[in-house]
Amino acid sequence: MRRTRGEQVFYMINYVLLTLVAISCILPLLNIVALSLSDARAVVSGKVGLWPVDFTWFSYHSLLTGTPILNAFWNSVEITLIGTGLSMAVTIMAAYPLSRRHFYNRRFFTMAMVFTMIFNGGLIPTYLVVQNLGLVNSYGALWLPGLVSTYNMLIMRSYFENLPGEVDEAARIDGCGELGLLFRIVLPLSKPLLATIALFYGVGYWNSFMNVMIYINDTSKYNMTVLVQNMIMSNLNVQDFTDPTMISNLTPEGIRAAAVIVMVIPILAVYPFLQKYFVKGVMLGSIKG
Amino acid sequence: MKGELTAGKPRLEPPDSEVRQRIRQQRLRRFKTNIPLILMFLPVILFYLTFRYAPIGGLVMAFKDYNFYDGLWHSPWVGLDHFHTLFSDPRTVEIIRNTLFLSLLSIIVGFPIPIILAIMLNEVRNIAFKRTVQTVVYMPHFFSWVIIAMMIMTVFSLENGIVNRWVEAWTGEPYPFMYNKGSWIAVFVGSGIWKDMGFNAIIFLAALTTIDPSQYEAAQMDGASKLRQIWHVTLPGIRSTIILLLILSMGRVMEVGFDQVYMLQNSNVNEVADVISTYIYRTGLQGAQFSLTTAMGLFESLVAFILIFCANYIARRFNEGLW
Chain A
155 MRRTRGEQVF
165 YMINYVLLTL
175 VAISCILPLL
185 NIVALSLSDA
195 RAVVSGKVGL
205 WPVDFTWFSY
215 HSLLTGTPIL
225 NAFWNSVEIT
235 LIGTGLSMAV
245 TIMAAYPLSR
255 RHFYNRRFFT
265 MAMVFTMIFN
275 GGLIPTYLVV
285 QNLGLVNSYG
295 ALWLPGLVST
305 YNMLIMRSYF
315 ENLPGEVDEA
325 ARIDGCGELG
335 LLFRIVLPLS
345 KPLLATIALF
355 YGVGYWNSFM
365 NVMIYINDTS
375 KYNMTVLVQN
385 MIMSNLNVQD
395 FTDPTMISNL
405 TPEGIRAAAV
415 IVMVIPILAV
425 YPFLQKYFVK
435 GVMLGSIKG
Chain B
150 MKGELTAGKP
160 RLEPPDSEVR
170 QRIRQQRLRR
180 FKTNIPLILM
190 FLPVILFYLT
200 FRYAPIGGLV
210 MAFKDYNFYD
220 GLWHSPWVGL
230 DHFHTLFSDP
240 RTVEIIRNTL
250 FLSLLSIIVG
260 FPIPIILAIM
270 LNEVRNIAFK
280 RTVQTVVYMP
290 HFFSWVIIAM
300 MIMTVFSLEN
310 GIVNRWVEAW
320 TGEPYPFMYN
330 KGSWIAVFVG
340 SGIWKDMGFN
350 AIIFLAALTT
360 IDPSQYEAAQ
370 MDGASKLRQI
380 WHVTLPGIRS
390 TIILLLILSM
400 GRVMEVGFDQ
410 VYMLQNSNVN
420 EVADVISTYI
430 YRTGLQGAQF
440 SLTTAMGLFE
450 SLVAFILIFC
460 ANYIARRFNE
470 GLW
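From first to last, the protein sequence lines stand for chains A and B. In terms of the working numbering, the numbers along the first sequence are unbroken and rise by one, the last being 443. In terms of the working numbering, the numbers along the second sequence are unbroken and rise by one, the last being 472.
There may be inaccurate statements among the hints.
Said to hold, decoys possible - Quick look at which bits of chain A chain B covers, simulated, 3 or more residues with Cβ under 8 Å:
id, stretch
1, 159-167
2, 191-200
3, 216-230
4, 309-317
5, 328-339
FYI, nobody ran anything at the bench for these hints, they're computed from the structure. Every residue gets a Cβ at the ideal spot worked out from N, C-alpha and C, and that includes glycine.
If we strip away everything but chain B, and leave its shape as in the complex, we get (with noise of 0.2 Å):
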């Protein structure tokens, strides 16, 4: 349409027009196929409006001192006050602490271990064996942290588990396996290993099919052995599923599964095994401080936001980045 109002210019001649309205029916022609596309997307935009960006919006309530009556909108600012309170209390800071030191164990563990899974699962030849130890490994990722917490209260329990058991036959005394800070965090880092390696090892086995199997035999060609193939030949193939991992995972420092600490958790080991989330959890919901707490929740999100970053510029820069 804007064409015409420009008449009088050589560029407004018949074949031009043609292509116009080709490109005007091309246009509708997009535009009608899109109606469907745009009616089925509007409620996940409402959906993502709603329960995600509202949400970070409420991310304000940190700065203010929320209160029923005034609402979000009309309770007074008070800035950075809440951040002061956090970080001031040795409580909270304990809490902080908590939460970095169990889940960066939790990686600095619990990485390697799908990937040599996966590698030694790969290294299986025998179909039914691998079958059957896959479908075992992989079961206790479906199993909820209820079940799981019984499980390790059955097996490590004082008066009747099975490996008190065996710790009595050797040693003559129970352990209290559950109830000593030490032994805590390596159950706690320890169950989360177990319930999730089998699982985590899809990806690296999936990425593990793609390597050329004729690099292996021009490995044994040069007489390279079983642990020098892995090293020089596996590893290096899946090398960038590892680093994209790796930085989804650091995302995750911050938070340590609630499910997890909440059921393992007990009064004895309180000053190791309270984190964040369940710090919010019981200050914030139970003890109805949602300013405090959420100011903990978005100190949470900006380390996260802050260690994904880094962790892409890292692997950026050996061309492994994830954007």
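Chain A with its partners taken away, still in its complex shape (with noise of 0.2 Å):
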């Protein structure tokens, strides 16, 4: 069909007006990254755009060598990791029993689940159960409070209801338990889901803040959202660093410019094969509600 004037003028401002937005999103980024490979001088004066000037790897060399980042990566590794996989082991354990059409009171406890969702017991009252479990300063208190998120649940739960019902029949009659159909069948051909509820606890975990915070006392167990947060904060103490080569060479701009790229990297390492998923998998969840 053919484009009138005014269709024209609609989808030149369209790609002008998306265009613009996709710059919004990449420009920040690439400004901290030009930041963190720039040299101090040119930091402290403002000359740094989106371009590295006088180029160095002297912030990552200090923010490695100087601060516990390292020790913070691998703990945030670790948090994200073990978490993930309780996550989804328990989710999966929620949701696949609340799609069995035969399972006993299905919809009282998806009402009691839900009813979470919109109405809880708020922080202190959550902090004190954690508290009495004994789980204060360790990670237990990150991965049990936190363990299923319902809406991922739910969402979960509508797509095995959804998977074909003969294909169940088929397996039942040649002999398959519920455990079988569940690791033979359902989570074979949940995968694009899986992987989209995985990045969803994963990057929960990854950038968790406020219960590391609230519940790690202990500094050398920080992740690096936190680390990096405290660094930001405290102006960066620069007497920390122990070489005094790296002090008069130091901005602190540089420093977190840097940090923020370490704990950035990760994400954009696994988003590009991941982003296909996640998009479908929304999609999955959008269209049951």
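Once you've looked at the hints, go ahead and assemble the two chains, each given alone in its own frame, into the complex.
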């Protein structure tokens, strides 16, 4: 169909606006990358834009050698990997029975879980529960209270429910029990969805901030989010660095920029591979509500 | 088994007992297939009881004077005292007002944007361009607020932020974006929108794919311009999704994300930037005023709960309710 003049104008404006939106999402990141790779003098004088000025790895070098960022990085990895594994396991353990039509009281259990989405005890009572269980200052306090996200569980449940019923019948005739059905049929058929939900949990654990700040007292157990936040807040104690040559060449901005990049890289590394899955996953979840 | 005791009644005929037998077998089979499911589900029940329902029970603390020695059960009751304290203190009233103001503003300004973005993306015919834009605008959703707060402070920094270098070139003076109340609110709302607009657009994009293309053709035949097509075809097509998400967002009116406020706030803007979640963290956890802040939390949850119900009630009158 031929485009009218009005449509041409519409499409042009549309393309321009979308390009601007996309640029606004990229530029701040490029600015941070440039800052992290620029010489201290250029950073201080405000010369750095989107391209590094007087390229140097110095910020990264001092970040890695002068701060506990590496330790925090591995803490973040530990929190994320174990937490995501646990959350996935228990979410499947919740979603699968609820998706089976013959499961006892499935409606009641679903309602009881949904209720916790719209009404909850809040921070202080939850804190006291965690404290009474003796979980303070251990990663259990990060993993257990957030084990299942009811929202993710509901998405998973409706996905399981919508798998074709005939496969189910056939498997049962072949002598497959409930567990066999779950592991041999349901989970393999749900890979895109499982990847999506694992990504949601993973990002949640990787970015976890408030919980770490509340429950973890031992600074050597901090994850990167809290460590970097502390570095930003405390204006970075330059005295922390033992090597005097470092101090003269350091800028807080450069170090912080480098820390942010270290925190972003793992997300950017997995993001392109998982993007197609989460778009599909969110869409599947949204259609069934 | 019960049937056999009522012997003598004509219902007890051989074919009937056969039926009963079958029913019993079916029940037994149902029970057997349920065993693994129940075993699998037990930890889930345990989780919800411990970490979701126990804290709800812990809300009684709001009506007690909690202290460590007596514990939750033996602390003395104080009735609504804590609520009186909260609502008569101008500081906490201000905090409640800030929370409502920031979240309502975020919803009013932020809610239409993902819809507009989804419609714009939906109109793009060039697949490569569409993919690229999508990939980029989804990305900020996956960054933590530490990263985004850092980007904001860098970009808007007084001394050497890019934005202020433009502002300076334009007006001769840098502008303290993060230290003026008005501009702080703008940065706060804007950053929330910026972080999640792409991701929130996904759901609307999904809803848009269900609209029948022939409707657009018909509208075009009738001479509808592009904007009119969007108004009369696209928007009604995703109406139920829009209402659903609006109801859900009503539940979040009382909560302003802790991370976002905590990382963006500074002492210059506390008057507008202190919200319920930061208050509970500071006064409750750091100041150990458990009962008072639990009362605040309960108030927050209740208002959210009521708002969801009201929004759903209204939506139901248009046949679009959640339940």
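Consistency of the hints with the structure:
Residue count for the stretch 159-167 of chain A with a Cβ under 8 Å from a Cβ of chain B: 4. That meets the three needed, and the coverage hint holds. Under the rule that three or more residues need a Cβ within less than 8 Å of chain B, the assignment of the stretch 191-200 of chain A holds, with 4 such residues. For a cut-off of 8 Å, the count of residues in the stretch 216-230 of chain A with a CB near a CB of chain B stands at 0, and the three-residue condition is violated. With a cut-off of 8 Å between beta carbons, the stretch 309-317 of chain A has 0 residues touching chain B; three or more are needed, and the interface restraint is violated.
Chain B is given as covering the stretch 328-339 of chain A, and this holds because 3 residues of the stretch bring a CB closer than 8 Å to a CB of that chain, at least three being needed.
Hint compliance for this structure: hints 3, 4 are broken, all remaining hints hold.
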